[in-house]
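Peer 1: So the sequence shown is numbered by my numbering: it starts at 23 and just counts up by one.
FYI, nobody ran anything at the bench for these hints, they're computed from the structure.
Straight-line C-alpha distance at most 20 Å; calculated DMTMM-like pairs for lysine to aspartate or glutamate:
| id | residue 1 | residue 2 |
| --- | --- | --- |
| 1 | 127 | 79 |
| 2 | 270 | 309 |
| 3 | 207 | 165 |
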Amino acid sequence: MDKKILGVTAGIAIVIVVAAIVLTLPSSEIITIQETNEKIGLVINSPSQSISLQQIDEIYSDASSTGIGRSNVYLFWNIIEPQRGEFDWSQSDVMMGLNEKNGLKVTLFFSVINGETLGPFPDWIGNPSLSAIGEERLVNVLDEILSRYHIVDSVIIAGETESQFRYYEQNIPVYKELFSGVYEKLKEKHPDVKFGNSFALHNVLNKDLGHIVSDLAIGDFVAFSYFPVDTLNDIVKTPQDAKEDLRKVFEIVPNKKIGFFEISWSTSDFVGGNTTSQKDFLEKSFEFYSENEPEIEFLTWYRQYDRPENTCVTEQQE
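Required output: the full structure, derived from the provided sequences and hints.
Peer 2: See the structure below:
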């Protein structure tokens, strides 16, 4: 069948919407959106692929002016350590520098697990299985990153983790051993940094995979991405329905802090989205945050600008 693959988008200049919601919150809720709130984040991106450093600097300044206190940075091992023991900081220094300049904390996604795939890994590692990734070398590269960038306070090394283990639950103990070893060694060196794994909440709910999340509720927090879609990536929820979905994380993981790594609502009419429902859901997300702030590690909206038109959805034959 035809399956839509959706690059879920946020609305154009979502920072304007964030600021508007902050200004219209009831006085009893304003305390949750302070001048700078380190728990509230935004994935900061440019409106086009061709952009100058000055323009991206202005985009970061605009985003930080809304009161957000963090953003996500996505790093890949093959870029950071292309040769064993030799690190290339040219790209990450720019992104981390922009965050630091604007007073933002960073949630780091370092891709060891990315859905059904592993890596990408540098050529000198090859294409290892989970058991062959190597605890020591993973500790080493993360230690180098955390020692260089002190604004990183949260690290995720597995994203859409439920997809990796959906058909291979027998590999869960292997990953838990790897994560636990890395966690213990890095906590000794960086005790203030928190570590966790991320899951796609919509996949977990649509495919009844809560048991995988429960089994992997390790580390300092459990993180989730969330898009209000069905298994074909069509939007089938109302903003209130989506808020109720967010509440379900506390049933799945009752005894851990929760991080919302990427929350979004597409404006594409191709999948049933529009700007009105997006704004409504953004408001519902802030309501949810206000009601559950003590249990939430962070909540980050994905993303500041829409992708260019006709780049969000492709068709794939299955």
